[in-house]
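**Q** Listed below, chain by chain, are the residues.
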Amino acid sequence: MLNMSEYGLISGIISIGLALGCYVLATVLARLARRQTVMAGAGAGGGTIAIGQRGASNLAAYGTLLVYLGLVFISASLVFRTIASGRGPFANMYEFSVAFAWGILVVYASFERRYKQRALGLVALPIALALLLYAMTIPSAIDPLVPALQNNLLLSAHVAVAIVAYGTFSISFAAAILHLIQGENGRRSLPSRELLDEISYKAVVIGFPFLTLTIALGAVWADLAWGTYWSWDPKETASLVTWLIYGSYLHARVIRGWRGKRATWFLVLGFGATLFTYFGNLFFGGLHSYSGLS
Amino acid sequence: MTRTMRTQTNAQAHREPTDDLGGLATSFADIGARLWHLFISMRTGLALMLGLAALGLIGTLLAQADPALQGDRQAYAAWLESVRPRYGGWTGVLDALGLFTIFSSIWFRGIIVLLATSVLACSANRAPHLWRLAVHPRTNVGESFFAHAPLSASIASPTDPDVALAEVRAAFRARHFRTIVSRDGDTLHLYADRFRWGPFGTVIAHLSLILILAGALIGTAWGFRNNGLAVPVGSRVEVGYGTGLSIEAKSFTDSYYTNGSPSDFTSDLVLYRDGAQVAAQTIRVNEPLRAGDVSVYQSFYGAAAVMKVADPTGMVVFDRGVPLEWTSRDGKHRVGQFILPDAGLTAYVIGVASGEVDPQIKPGQMRIEVYASGSEGSLIASESVSQGRPTKIAGLDFTFVRERQFTGLIVARDPGAVLVWIGASLLVFGISLVFLFPSRRAWALIRRRPNGSSIQIGAIVRHEITFQSDFKRLVDEVELALTGPSGA
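In order, the protein sequence lines correspond to chains A and B.
Just so we're aligned, residue 1 is where the first sequence starts under the numbering used here, counting upward by one.
Just so we're aligned, residue 1001 is where the second sequence starts under the numbering used here, counting upward by one.
Some hints here could point you the wrong way.
[Unchecked claim] In silico EDC-like pairs for lysine to aspartate or glutamate, Cα to Cα no more than 20 angstroms straight-line:
(1) 261/A <-> 1464/B
(2) 1308/B <-> 1358/B
(3) 1472/B <-> 198/A
(4) 116/A <-> 1464/B
Read the hints as simulated data drawn from the structure, not as lab findings.
As the structure is a prediction and not an experimental result, all values here were calculated from the model.
Take these sequences, add in the hints, and give me the full structure.
**A** Now the structure itself:
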C-alpha cells in the first residue's frame, strides 16, 4: 500500500509538472501568435498565426487534462496512505504537504472550470508542485501517533478543513499576483483586474469560513488534549493572525477606494501568513510539534 | 429633516460660549457623536484588526514567558535571564514594553477593548438597517432607480403587462428568488430577493466574537486552572480552590512504541468530594475526566519518592509520595518538596536525574534537606538516606520507602467555556451564512404601452462578474420568452 502511495505521488508530480509545462508553453505560443498578428497585420502569415493559436489552445486543454490526472494520482496516493496507516493522512509534515498540494489542486481545478482562467495555474501549479517536491525530500515513514494525536475524528476533521482553507487562499494568492502584474488598462494575455478581484474574493469567501472552522475545531481538540481551548501556542497564534488578515481583507474590500490594488496586497500578506502558519511549527516549536522532522 | 435640525443645534453650540451647562451637554454630545462615528468606521475596525495581528505576530516570533511565571517575580526574573543571551541589550526594552507577556500586556488588552467596542457599535449601527431590508424591503421603485442601478436592462414586449410580469417572475423564481408583486394602477412592481437573511450573518458573526470574549473573561474571573498538579501513585492530593475535591492516583502507565516514541499515558484516578467518592475513571491524553464543572486532564508524569517521617515518639507524621517535579538548574537533579506543619519544617527530597551521577547520592538513595518553614527559612540539616532505612534528620526519622511514579494533571474549572463554544459555533455559522449565501435583490417595473408593455429590470450588485452574467442571462431569457427568437 505504501509503495502504491509513493507511486501515486510520483505520478502526480510528473502530471502536474507536465501540466505546468503545457500552460507555460501555451502562454508563450499564444503570445508569439499575437505578436505576429500585430507585426504582420491582417493578411500575411495568417496561416502560421492560426496554427500557433490552435496549438496554444490544444496545449492548454492537455494541461487541464494533466491537472485532473495529477489530482487523481495524488488523491489515490492519499487514499493508499490512509489505508496503510488506518487514519487520516494528516499526521506529519510529509502528509500535510501532500494534502496541502491536493487542496490547492482541487480548488484550482474547480476555479478553472468555473472561470476558465488558466493563467491562475501559472502561479497555483508551481506552489502545488513545490509542496509535492518538498514532500519528496522529507521522511515519509508512517510513525505511530503520539498520544496527543490519537483522536482520529478530530485529526481528520481539523486538518482536512485546514487543507481546504489553505487551498483556497493559495488560489486567491494566485489571482492576487496576476492582479498586481496586470496593468491599469489590462494586458491581453491576463484576465482583467475585475475578474481577478472576483476570483480572489470568491476564494477567500470559501476559505475564510473554513479557516474559522479549523481554528474552532482546533480549540475543541485543544480542550480535550491540552486541557484548554486556547493557550497562545505559536501555531494557534499564527492561525489567528492569518484569520485577522483575511478578516481585514474582507473589510478593506468594502471600504471606498480600497477595492483593487490596496485590498489585493492583503491577499499577498494573508498568503504569507498562511505559509508562516503552515511551516511555522518547524522553527517556533510549541505544542504543534508533530512534523516528524526533528 | 431630523438631520438638518441636529446640524443647526451643533452650529449654535459653536457660536455660543460653552461654559454654561447647556453648552457643556452639547459638547459632550458632540464628543459622543465623534466617538460613535469613529467606532462605526470600517477603517477603525481595520486598523484595530491589523494592530491585533501585529501583536499576534510578535507573540509568535518573540519568546513568551509562561503565564504561570507572571505572578512570581523571582521565577520571571530567572526566565528573563534565560532569554537574555538571545535578545542581548534589547531584553530590558522588550520586557519594559511587556512584549514577553504580550497576551496580557496593556497593548493587547487595550486593542481587545477597542475592538470589542467597535464590533458592538458596528453591529448596533447595522442591525436595524439589515432587519428592515430583510423584513420590510422596499418593493416598488421608480423610473430613476433603473437609471442609476449598477445592473439594469429594459425590454419592450408586445404582450400584456400581466404576461410580461409572469415571465419576469418565473425567471426569478427559477433562480430561487422570492418575489413580491404590487400594483399601482396600470404599473406593476416586482421585487425579488434571495438569501435575504444572509447579511444577518455579519451581525451574528460579530456578536459571537463578543460572546467568545465574554466567555474568556468569565473563565479568567470565576474559573481556576492548575497546570501542574502532581499526584504520586498511591497518594491522594487536594485540588484546592475551594472545590473540596481531592484526587487519588491508583496507577499510572506510560507505554511506548518499539521505536521509542510514547504510545499512551494513562492514569487511574478516583475523585473525592469532602471524602466521598464522586468519580472514577482511567484518563489519558484526549480523554479527560469531567466531574460536574471540573475537568481533569493527563498532562505530564515523573518520578516520586514515597517518604515516611516519624517523630521521636514513633508517631508517623507524614507518609506519602513526594513528586520530584522540578529539575535543578544544572539539570542533574530532580527535586520534590513537602511540608511538616507541626514541626514547622520544609523538607526537600533530591534525587539524581536519569543518566547523571552524584557521589553524594548513591543509587537507591535520596538526599533530604530540611529547612525551617517561612520565607527566610534556613538549612537545618541535610543527609542522604538509603531506601528502607530510617535516618534521623532534625530530630525526626526520615525513611525513603520506595520510588514510584507520579502523574501530572491539569485540573481546571472554566465556567466561561460554554459561552466560548456557543460563540465559536455562531461564528462559523454567521460567517458561512453571510459569505456562502450572499443576498441578492432585484426590482422590475412593468408599464402598459400602446403596443404592449415596457419592462425594466435592475439590481444593485456591484462588481460581481458572475452575478452580472447571470443577470444578463435572466434578461435574455425574459426577452426571448416575450419577443421570440427573432428579437422583434
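**Q** If a hint holds in the structure, say so; if it does not, say that too.
**A** Against the structure, the hints:
This hinted pair checks out: residue 261/A and residue 1464/B have alpha carbons roughly 16 angstroms apart, not beyond 20 angstroms. Of the supplied pair hints, the one linking residue 1308/B and residue 1358/B is violated, its CA atoms being roughly 23 angstroms apart against a limit of 20 angstroms. A hinted pair counts as satisfied when its Cα atoms are at most 20 angstroms apart, and residue 1472/B with residue 198/A qualifies at roughly 17 angstroms. Taking the CA atoms of residue 116/A and residue 1464/B, the gap is near 16 angstroms; set against the 20 angstroms cutoff, the hint holds.
Violated hint: 2 only; the structure is consistent with all others.
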